[in-house]
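Visitor: Chain by chain, the residues:
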Amino acid sequence: MSPTRISKRFEQLREKGEPGLVAYITAGDPSLERTPDLVFALERGGADFIELGVPFSDPIADGPVIQRGSARALANGTNVAKVLDIARRVREKSQIPLLLFSYMNPLLRYGFERLAKDAVAAGIDGCLLTDLSVEEAEHHLGALRTAGLDTVFLAAPTSPPERLALVARYSTGFIYLVSRTGVTGEQDTVSDAVGPLVAATRKLTSLPLAVGFGIAKARDAAVVGAIAEAVVVGSAFVRLIENNAASPDLDAKLEALARELKQGAVSARKKT
Amino acid sequence: MITSQPDAHGHFGPYGGRYVPEVLMNPLEELEQAYIAARKDPTFQAELNDLLANYAGRPTPLYYAKRLSTNLDGAEIYIKREDLLHTGAHKINNCLGQVLLARRMGKKRIIAETGAGQHGVATATVCALFGLKCRVYMGEEDMRRQRLNVFRMRLLGAEVVGVGTGSKTLKDAISEAMRDWVTNVADTYYLLGSALGSHPYPLMVRDFHSCIGIEAREQILKATGRLPDSIFACVGGGSNAIGIFHAFIGDASVKLIGIEAGGRGPELGEHAARMTGSLPGVLQGAYSYLLQDADGQVALTHSISAGLDYAMIGPEHAWLADRGRAEYVNCSDAEALDAACVLSRTEGLIPALESSHAVAEAIKQAPGAKGQIFIVSLSGRGDKDIDIYRENLKDLDEPDTHK
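Each protein sequence line maps, in turn, to chains A and B. Heads up: the first sequence begins at 12 in this note's numbering, then just goes up one per residue. Heads up: the second sequence begins at 1305 in this note's numbering, then just goes up one per residue.
Worth flagging that the hints you see were computed from the coordinates, not collected in a lab. Errors might be hidden in some of the hints.
[Unchecked claim] Computed spacing ranges between beta-carbons, pair by pair:
#1 122(A) / 1570(B): 20 to 28 Å
#2 1627(B) / 128(A): 48 to 56 Å
#3 1569(B) / 105(A): 16 to 24 Å
#4 1568(B) / 102(A): 44 to 52 Å
#5 1572(B) / 131(A): 55 to 63 Å
#6 254(A) / 1437(B): 34 to 42 Å
#7 1309(B) / 204(A): 31 to 39 Å
#8 28(A) / 1487(B): 52 to 60 Å
#9 1695(B) / 132(A): 53 to 61 Å
#10 128(A) / 1458(B): 50 to 58 Å
#11 154(A) / 1525(B): 50 to 58 Å
[As the list claims (entries may be wrong)] Simulated pairs of lysine to any residue, SDA-like, Cα-Cα distance not exceeding 20 Å:
#12 1472(B) / 93(A)
#13 264(A) / 47(A)
#14 93(A) / 1598(B)
#15 93(A) / 1638(B)
#16 1344(B) / 1408(B)
#17 1472(B) / 86(A)
#18 228(A) / 259(A)
#19 1668(B) / 1638(B)
#20 1472(B) / 79(A)
#21 128(A) / 1599(B)
#22 1674(B) / 1472(B)
#23 1472(B) / 85(A)
#24 93(A) / 1312(B)
#25 1344(B) / 1378(B)
#26 93(A) / 1597(B)
#27 19(A) / 54(A)
#28 1472(B) / 128(A)
#29 1472(B) / 83(A)
C-beta: ideal position from N, C-alpha, C; glycine also.
Could you build all of it, start to finish, from the sequences and the hints given here?
Guide: Structure (structure tokens):
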């Protein structure tokens, strides 16, 4: 498989000695029309990768903020096809790496073969499914990889070394490390579990590591940026969208938050 | 001979498996290992059997419903009396098994979901019995329809947490319980109440209820000298059904009939009849037949009985259906209510609304089945549903009624 925009961006970040910022937003929140502009705002603020959330009716891994974002997106009629439309509109102006972030069922219903072809054509670079374990992924991976999509899997503080090895074996592009046991949502501090999880995964793979779940502030981004290749932030962006949905300043506020987080992450490397 | 066992990764044919966030993968593995060890341990089995006999009230009788059979002038109908168990339904079988397992695993806190409240009451009961902290998640709509069970759980010392998201029913309660488990997995045991969710739950829940069918098989052979022709059981997730079916799976002559909730009608959203045209999908940890829309969003469901009001059928049932070993039909809200009245007045048994669906199908099939033997799983008694019966049978609820 030739390198995707994801691998290329990690390579550029490595050369610059800079941690990346992965920004999650739920596609279709606050509206399908607005989402491409929000992606551009995040990119201007310094986001390196965008996770486009495909909403699911029963998001078991998400806390209240992303649950509400998903409900708003579903009420706006968001589905896989419309998220791919958004990707096409982003691609008219930007080469920022795009990942589909979802649960199994909406993609299963769309069909993995069809999804793989349509997603690549729309400019999507990778795919991450919260409730798809590596064990169950086996016969879906072929379609995604053949089409040229990265398949990113999650590792967690509860994953013993043998599971970390499995996750590393099945992941391409990067590995998403879940900072703590729990659902998505902002926390006051970064979990103590992150350091050991990064260290344990590092022993098993040369893939870039991105750390997410609970990271909301520049200070937290700095803690993660010091030890991982990328910081993932989701709920903080979705909450900002929720609170400013009708505001003409939404794009500017999103851009400012992305800038603050990116600078936080970058500051950590400068010190060391 | 047809058998029904999951593969090493918990798949019943293509169904089941483990579709959960990575955080839960190792805890599920540990649970599976603990369960496999317990299953082989004679002291575990002895403790469980003692509780089932002396605390829960097993074996339950297999009762010949003579007046019902005579009135229908067809099949001889036998009723497996799970309604006589402590807490009023079969759910206690599974709760006793799982609470012993939780103790073995050193877990101090138990969480559960509940739909009709029967599993919540059974969980609260076993937690009181062993002095464990208990939190039960319940949809706010179900809390409204099953108020008595909410009170019972609280009386037993459990904390009942209302879930106000989605349809505010069982599905949403499971999602919230899973979020709690993901967060507190180190010290918390998730006591799942139906043959649903990720491996090993469908296997474990089925095993803990398999006593229903093992007893019924011995009892019917003793009573009639032969195997039954048909077995009827209601199917929400499908725990009482898989419990009574399992001992008969190898008996090719015995028809296994699961009854789903036909609700108010065939339109999506009006029923919970997964086996009439739905496609398989992934929900809350498992792959099985799932009521969903064209975008893969889980459909809303409806049933008069909270315990059948769920969008997915247990994975082992999906596999039995695909192989033609069991068949799945549905009964409407109205048919279930009628059947409850019939059973109450011919046998003096007021059934739970869930079980009324099984009774309804047996009543439908009995007249054309002279010489046949039916077993109906009466999975629970109707006390918890009295408010719903009152709402729907208003003419009986007048102070001066003489009906």
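Visitor: Take the hints in turn and mark each one as holding or not.
Guide: Here is how each hint holds up against the structure:
no.	hint	verdict
1	122(A) / 1570(B): 20 to 28 Å	holds (26 Å)
2	1627(B) / 128(A): 48 to 56 Å	violated (33 Å)
3	1569(B) / 105(A): 16 to 24 Å	violated (48 Å)
4	1568(B) / 102(A): 44 to 52 Å	holds (46 Å)
5	1572(B) / 131(A): 55 to 63 Å	violated (32 Å)
6	254(A) / 1437(B): 34 to 42 Å	holds (36 Å)
7	1309(B) / 204(A): 31 to 39 Å	holds (37 Å)
8	28(A) / 1487(B): 52 to 60 Å	violated (35 Å)
9	1695(B) / 132(A): 53 to 61 Å	holds (54 Å)
10	128(A) / 1458(B): 50 to 58 Å	holds (54 Å)
11	154(A) / 1525(B): 50 to 58 Å	holds (51 Å)
12	1472(B) / 93(A)	violated (28 Å)
13	264(A) / 47(A)	holds (15 Å)
14	93(A) / 1598(B)	holds (13 Å)
15	93(A) / 1638(B)	violated (41 Å)
16	1344(B) / 1408(B)	holds (13 Å)
17	1472(B) / 86(A)	holds (17 Å)
18	228(A) / 259(A)	violated (23 Å)
19	1668(B) / 1638(B)	holds (13 Å)
20	1472(B) / 79(A)	holds (15 Å)
21	128(A) / 1599(B)	holds (18 Å)
22	1674(B) / 1472(B)	violated (44 Å)
23	1472(B) / 85(A)	holds (17 Å)
24	93(A) / 1312(B)	violated (38 Å)
25	1344(B) / 1378(B)	violated (44 Å)
26	93(A) / 1597(B)	holds (16 Å)
27	19(A) / 54(A)	holds (16 Å)
28	1472(B) / 128(A)	violated (37 Å)
29	1472(B) / 83(A)	holds (17 Å)
Violated hints, in rising order: 2, 3, 5, 8, 12, 15, 18, 22, 24, 25 and 28; the structure is consistent with all others.
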